[in-house]
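2 protein chains.
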Amino acid sequence: MNEVAGRRSRSGGGASRRAERTAVSFETARFIQRNIPNFEILNEEALQIIEHNAETVLEEIGVNFVENPAALARWRDAGADVRGERVHIPRGLARKLISTAPKTFTQHARNAERNVDIGGRNLVLAPVYGPHFVRDMEGGRRYATLEDFQNFVKLGYMSKWLHHSGGTVCEPTDVPVNKRHLDMLHAHMTLSDKPFMGSVTEPSRAQDSVDMAKILFGADFVQQNTVMTSLININSPMVFDGIMMGALEVYAANNQASIVSPFIVGGAMAPVTVAGTLTQVLAEILAGVSYSQLVRPGSPVIAGAFVTSIDMNSGAPTFGTPEASHITYGAGQLVRRLGLPYRSGGSFCGSKLPDAQAAYETANSLNMALLAGVNFMLHACGWLEGGLVSSYEKFVMDADQLGTLHHLAQGIQVDLNGQAMDAIREVGPGGHYLGCQHTQANFKSAFWRSDLFDYKPFETWAEEGARDTQALANERVKRQLADYQAPDLDPGTREALDAFVARRKSEMPDAFI
Amino acid sequence: MNEVAGRRSRSGGGASRRAERTAVSFETARFIQRNIPNFEILNEEALQIIEHNAETVLEEIGVNFVENPAALARWRDAGADVRGERVHIPRGLARKLISTAPKTFTQHARNAERNVDIGGRNLVLAPVYGPHFVRDMEGGRRYATLEDFQNFVKLGYMSKWLHHSGGTVCEPTDVPVNKRHLDMLHAHMTLSDKPFMGSVTEPSRAQDSVDMAKILFGADFVQQNTVMTSLININSPMVFDGIMMGALEVYAANNQASIVSPFIVGGAMAPVTVAGTLTQVLAEILAGVSYSQLVRPGSPVIAGAFVTSIDMNSGAPTFGTPEASHITYGAGQLVRRLGLPYRSGGSFCGSKLPDAQAAYETANSLNMALLAGVNFMLHACGWLEGGLVSSYEKFVMDADQLGTLHHLAQGIQVDLNGQAMDAIREVGPGGHYLGCQHTQANFKSAFWRSDLFDYKPFETWAEEGARDTQALANERVKRQLADYQAPDLDPGTREALDAFVARRKSEMPDAFI
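First to last, the protein sequences are chains X and R.
Under our numbering, read the first sequence as residues 1 to 513, first letter to last.
Under our numbering, read the second sequence as residues 1 to 513, first letter to last.
Each hint should be verified, as a subset may be incorrect.
[Unchecked claim] Using C-beta positions, here's what the derived DEER-type ranges look like:
(1) V177/X with A466/R: 25 to 35 Å
(2) D451/R with G465/X: 44 to 54 Å
(3) F458/R with E138/X: 11 to 21 Å
(4) G465/X with S506/R: 44 to 54 Å
(5) D451/R with R121/X: 57 to 67 Å
(6) L481/X with N43/R: 43 to 53 Å
(7) D174/R with Q485/X: 21 to 31 Å
(8) I513/R with E113/X: 56 to 66 Å
(9) L416/R with E113/X: 44 to 54 Å
(10) E463/R with A471/X: 46 to 56 Å
Simulated from the structure, these hints should not be mistaken for lab results.
Note that this is a predicted model, so its numbers are computed, not measured.
Quick reminder that beta carbons are idealized off the backbone N, C-alpha and C, glycines included.
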């Protein structure tokens, strides 16, 4: 399969059993380049209504930039009507401002084979972000630690279909809050060679992220290239807080990418109807992306939409629902019309366990995201329990399913080999294709197959313990962590990163809030 | 929700606990009427290549109608070149013949509120068909019995999102092979009032099905209306056997509908490439549907495609794969261009258990089928282990998920209420939508919610036993079967059906092959 780049093989051990165990694949697939259309759920009239309404929201209602006088000054200079912390953006101004944002950009990895192109018809997959808990089959649900964080970075590194190491794959709650970002960045930089995300929880931590990136990539390289993509949430409805905008300002000033993304539970942070939510999402994207361009015109930015529905009986957020799909499809169209890369989708589910509920909801979300034209999918694997939990087993289950998206995106080949007329002639009515020449020539790459699921006959499966998917995934997690080998890293760079982390930690007293 | 027709309420019992138990919903949703576009994966050039090649297959290679001299005579009379049992169909002839097939037709149920319109932008959902085994959480995997069959008909009758009672929901292996169809039809006719399928395993059993339908609906009604839709498999590649065609002949002659459907494991019964498989599928559909119109022009027919991929390591069929999606999307386009109703999709999976693998694969298949424009989805719930097993728990799990397809298909409302501008104005930056007037007015119908999944807080869920989806489904199966009440049926009709079954059984010695 020509989509697979950067194959690594490891030499086997002495005994054949050991040799089999160490015959580990470190393949990483190239980011997805779609050869299929997007699913366009809104017609032109609906798109124009929503676009018109979003501009009305910006001009008439406005958005708040709080505890950020510099931002208000920027907006005033750009021609907005600023009243207190409320910014009223005249119709058309935001669209004008965002025109400097790049349609696509490359995020560099320290291994150039892992570089990702974000935007266009591409899809880049990154793991779950943010959970304070982890779960595995034996240990159950517990607070996440730095060891868990490192384990998830290792699993991400070893996942063939994951292009990106992500950011807060779980919160290392055993490390002081004000120092976690140093250990997290250090793990992404040393345990993986895939691209990663920076810290956003304080502007100073964003600066630490940039400084560490300069050690890893070189200062000049960082100023000229994008090496981090970081997640800037909007406090919906229509509030841009000083901390998040402060982090965005650091990244934009350093030519690093931000995902400007409303975080919306429908009916709570946005209207209960889909069109209303899309209107607010578009207004928030227009304001946030414009602001990134006010800080530094041309700085790379991704327009995001994290939107889910709510169970009106209990108030719980719900995932994999049709309304979430409606919004994700619609937001994709709106963002494409802005000419921006689009972030949405993920392995979303509300289930407490990596069970059937988790998988239905996740598969609904993953398929929708591919067809919605998403360019950057955070949370593409490992998400459990509404994002409270990073699940070890679900991480490898979802990561395996991401392979289906790669193959779906290839579309249908209709060249002569694809048409297979010679095979149909050779076999004829009542024949069998398994042995024919065309099958022999194509069977290795013809069909996607899971590296995790059970395809065995019932009797074999029963003899082997009648295991469910969670049990198979548990075994895979253990095998991958046992087989893990860190990618090569220049020792001097490694020492400099270690020293930076040690110094920054020594400069601050521990803080746990 | 205006999609829900035929609400029935039952009076509660005395004690409040009993009242709660008997507050059972017998709602049945109306068949899906899509308000969203189809996903068109093939471009015009690719479609024309495949259409051209399919005609080449029919003309140059031909198809076999075996052990069926009358069929060969019909083909000869229609202008085909018949050599032995091989029928060569000149380019264009099949397209001309199928032009008499209706674009849409109504299948009547004995409860007119359950009638389904098949074709156009509609989607009708029917349960799993054909497994010889059943599985439930306590009993494990075992041969299916008539009691199981009756249970699945009851579960289908009580499923809100299922429009059709189906056919062989499982094989009642404790009943002689030559008499099963009588008990199966009797169950569909008496235990449910939804539309159903007839027997196809012998032409005489198709005739029995028609005769029983005449008792249920009246003989005149059956001659003038379609009351059964039955599954006619093609023996791919390109063989139409005498038994299946004999059943089709009975149904077509009586104005009853047939699904003409290749059953294909890719790489075995069709070429290993998607475009090649689509070519063969189209050729087979053209030949089979043409034949139905040769028997009786204007008889209702559905063009089907049951296609899955294969694990080239083991030879096992695989489900929910990207190649299956490619074929289903592509076949949908080809069938729409023929102007015929399209059957495909289902709750397909290869897993042995209703676990995460089953749910990922199933959700992949269900979502794809909705967007592929499927009009009749057999196997929409309950399919397990590659179709060898009807699963009690998965039946209700899948049936619940079918609700997401209904809501997805509604599309996005952009009327003034949908736009929600008043809500955005009322709430403003930093506000909260839960209490606002627009949310209050819309929350009941705004978001789909599962009737099965766990949406509770972690602590509540843990206290209640930390159950997974299978355990929740097991409870739901038991509750539904306990709550089941048969729909009313005229006693005279019931007696006549009983008498017919008794008479036909007495006329034949038992046969188990």
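Going down the list of hints, with the structure as the test:
1. At roughly 30 Å, the beta-carbon separation of V177/X and A466/R lies within the given 25 to 35 Å, and the hint holds.
2. Checking the proposed 44 to 54 Å range against D451/R and G465/X shows it is violated: the Cβ atoms sit about 33 Å from each other.
3. For the pair F458/R and E138/X, the beta carbons lie near 18 Å from each other, so the given range of 11 to 21 Å is met.
4. Distance hint check: the CB atoms of G465/X and S506/R are about 49 Å apart, consistent with the given range 44 to 54 Å.
5. Checking the proposed 57 to 67 Å range against D451/R and R121/X shows it is violated: the Cβ atoms sit about 38 Å from each other.
6. For the pair L481/X and N43/R, the supplied restraint of 43 to 53 Å holds, since their beta-carbon distance comes to about 45 Å.
7. The given range of 21 to 31 Å is broken by D174/R and Q485/X, whose C-beta atoms sit roughly 57 Å from each other.
8. Hint check: I513/R to E113/X, Cβ distance near 60 Å, so the stated range 56 to 66 Å holds.
9. Under the hint 44 to 54 Å, the C-beta atoms of L416/R and E113/X, about 52 Å apart, fit the expected range.
10. For E463/R paired with A471/X, a C-beta distance near 25 Å fails the hint of 46 to 56 Å.
Consistency note: the structure conflicts with the earlier hints numbered 2, 5, 7 and 10.
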